[in-house]
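**Q** Residues per chain, in single letters:
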Amino acid sequence: MTARSSALVRDDVAAGRVTAASTVDAAIARAKEVHAGRDGLNVFAWTDDADARAQAAAITTRLADTTPGQLLGVPVAVKDNIATLTMPTTCGSRILDGYVSPYQATVVKRLRDAGAVIFGKTNMDEFAMGSSTEHSAYGPTRNPVAPDRVPGGSSGGSAAAVASGIVSIALGSETGGSVRQPASFCGIVGVKPTYGRVSRFGLVAFASSLDQVGVFGATVADAARGLGVIAGHDPMDSTSAAIPVPDYLDSANADVKGLVIGLPKEYFPTSLDPAIRARCDAAVERLRSLGATIRDVSLPHTDLAIPVYYIVAPAEASSNLARFDGVRYGLRVEGDGLRGMYEATRSGGFGPEVTRRILLGTYVLSAGYYDAYYRKAQQVRTLIADDFRRVFESGVHVLFTPTAPTTAFPIGAISDPYEMYLSDIFTATANLAGVPAMSVPIGRVGGLPVGGQFLASHFDETRMFTAAFALERAMGAEAHA
Amino acid sequence: MNDVRHIATLARLGLTDVRAAAIVDELNIILGHMDELSKVDTAGVQEAIGVGAQGLPVRTDSGPPFPLERSMDSFAPSLRDGFLLVPRLSTHESSEEA
Amino acid sequence: MSSSAITPLLERWEMVVGLEVHVQLKTRTKAFCGCSAEYGASPNANTCPVCLALPGALPVLNEHAVGLAARAALALNCDVQPVSIFARKNYFYPDLPKGYQISQFDKPLALGGWIEIGARAEGSPIRIGITRVHMEEDAGKSVHDRFPSVSAIDLNRSGVPLIEIVSEPDMRSAEQAGAYLRVLKQILEYVDVSDVSMEEGSLRVDANVSARRRGETKLGTKTEVKNMNSFSGVERALEVEFARQVGVLAAGGTVEQQTMLWDGNAGQVRPSRTKEGSHDYRYFPEPDLPPLVLATDWIAKVRHDLPELPAARRSRFADEYKIGEYDVEVLTSNPRIADYYESVARSHGDPKAAANWVMGEVLATLKTSGDDIARFRVRPADLASLLNLVKDGVVSHTAAKQIFARMLATGDPPAQIAERDGLVKVDDDGQLAAWLDEVIAENPAEAERYRNGEKKLQGVLIGAVMKKSKGRADPKKLNQLLTSRLTS
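Residue numbers (this note's numbering), protein chains in the order written: chain L, 1 to 481; chain A, 482 to 579; chain P, 580 to 1067.
No wet-lab data here; the hints were simulated from the structure. A hint or two may mislead.
[Stated by the list, open to error] Facing chain A, from chain P, some residues (calculated, C-beta under 8 Å):
| no. | residue |
| --- | --- |
| 1 | C612 |
| 2 | G613 |
| 3 | C614 |
| 4 | V639 |
| 5 | N641 |
| 6 | E642 |
| 7 | I664 |
| 8 | F671 |
| 9 | H723 |
| 10 | D733 |
| 11 | V872 |
All residues carry an ideal CB built from backbone N, CA and C; glycine is no exception.
Assemble the whole structure, with the sequences as input and the hints as a guide.
**A** The structure is reproduced here in structure tokens:
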């Protein structure tokens, strides 16, 4: 069961048919019903029902004199690494335990300006480092579809909030697939926009050249509506693009006839789970029957994405996470002098995966290793980006691939870090190249959701949405069967 | 092992001996996979810097500063007379000595 | 070993110096956020999410900082690069909030400049190469003596824009290093990019120094000397460190590459406790800031808008105002003095008299008060009117000095003071004769000796009349009068 669509809620609240307060109450009730709490699905790192109700009350009182926003009265869950003024912003880490940001992220401000109610900070892998939402200071989040399994990660809490029907829209963040992979595991829609499409101001940095705020939706329309609200240039982010944002909801009515959809062979290796391949084939056949042109293509450097990603991302992370030093905010653990305070604070505050990646990143940047690892990785990254450029310049509009090589795995099943890293094998390329990508449900295998991924060229989210809307419409209930 | 101790020092992460030994193995396995990259010919290939950016935007030299909705004492671990306090440095001559 | 004992030894060795100079740029706001860059606010008052490095905050570059940096680089004859890249310099320190400093590394703003710091004996200019000029942000301040057992951090300076100017190892003596710093400071003052005050910390110097036997062309192992707080401190520190290195080398030892700290009170250098190997800054391109792309037209405009630089101004002053070499040096020492002088000289019309007054009364007054000429109470137009009063014979030179003192005190125009205070020159024979008679009566012995041919007493007698007249007596007439009165 999913939450009422954001379009209906917004129109009802705008027309005065329902109050924002009642939509918030419905979300609170639904959270209770699905056992969203710590000992249940563990969806949220932080909630504040009183604050959510207060926000809703404020929306009702301003109804009369303003044009209704695109998300009027719509509860939206926000990942715990996006700065909000109410509720803590802790990135699922002990090192930020209890930290409440004294400023809010641009995306949060835009949600509020559009009339949304910020409903809870969702659980996540610590500092977004993980693919399962098992590595949080607040314990693992469970997959609403199969509670003994992971929801994917790192934005697993946001995915679970949508998949369990508490909210129709949630914000996540992407560095290597942290929205698309959990969307795939939970059977919902997850969008990673073009790098630069959405402001990162207020998104706690993991790997700055890869990070992008992403949107989960119960449906393609919910995701498109959410992205439309948060997208657009922000002078507070020097990597934010001053490129106009089209109305992504318009794509719902666009035709896929004439759309050229490429199938990159590297994403369909012989080792791919045949059941997942079968779901992909079925989806492709739908698209073909709708009039899309299907073309086999190649992105030859795809298999290098994981090594490149796991050099570039930890390197940037090792630097981005240096600010957590116990001096200005967050956890401080006293030790022997300043040095002891630093080490006790950071060792006590960061979990094992974060520690591992900081060390890995420090190593690849250190004297004598920079050229072999970091510089080399950034050069190969160029080759990966060139693969995409070439294929889109050849007339392909959108690519279609599986989102992840597996369905949701059982909690605790993967203990080898590198095996976990391979969860990102089909998603990390989009972050490395900066192109937009999204995951949509394309059916189930063994009762577990499978996601199909669309990718497009820089700032061409519109075509990606066109394909996604069409596929969703054509598949109907089959997308969740 | 010395490498791990060195980078742990650079990163200001305290590691127990047991944890440090485990990290050596973990990093070796991960870095082993990274060696795949050394086989790629990247002669003349530019590094990916500023992906998708159209140059660096700049701001005018004027305020106001981005406001803090809550003052520093709402989040600072140790504050006195407006100063942030840290343990006294044993040597405090140069900024690289901490 | 005393320094005099090793002097002959030092002569067989050559000092090689390169300097790294950090200069705070004169912007209203910080390099990457809208906080005030002004000095002197209460601790941490000028901070925001960006310069506090709160989670999620991002830098946005101040365009004026880029303009000032480019202006400085062009004045130092550097090539401003069409593309430069910001990089992160990673290290932990409590006054470095992000755990990295945004700087520039392998693609700096500008490369390949030079300045001239004087001439060799045979006349060829001494040119010092400038390797690079790059932009970076300042750290905050750590105060160690404010509270017991803790250090206090003030982040008001965190994020203030700096440029670092790195010279080639082209200097061969402490004196040359001092000359380089003075010329550099002068140029930066001319292009008005910084307050360039070493005392206030807006200019900071680190020196790389090594020693080699004279005639050797390879560079020796260098040490980095830090913690100097004046140009003369830099010179002294270099002498001391050079002598130390020569002592080590002459005894067959090797110089260890390390950081040395200058202790100005003790006149000593001592090794910093940092191990060189522990410096591993892990520079990498700053992913939050795309490459800085500067259009050729923009660079050309910055170059075009550069003011006249010190060397050009010196030669123009010599040509245009026909004043001596020493006067030129003094009057062009900083651009505000030069502007002041030039304004007086132009409105008055006699550059020599203007030079004498500016170098005399004006600079002496400023030296005593410590004020800057830009805020000097006597404006150039008023000084020029005063000089006109002297030239036109309305007031005497002595009276002019009194008028100048009153202009300083009141800010009133000179003609008004002369009139009001009765300082207009008196050439009325009756009044002059009356004063002279009084002086003769009060100094009968001197008058008698003068009458008997002791002509040098003329000065004493005239001086007494001038005093009596409060400087108003017309000296020419008075002389004639004295001669006719006491020699006939």
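**Q** Tell me the hint numbers this structure goes against, listed in increasing order.
**A** none
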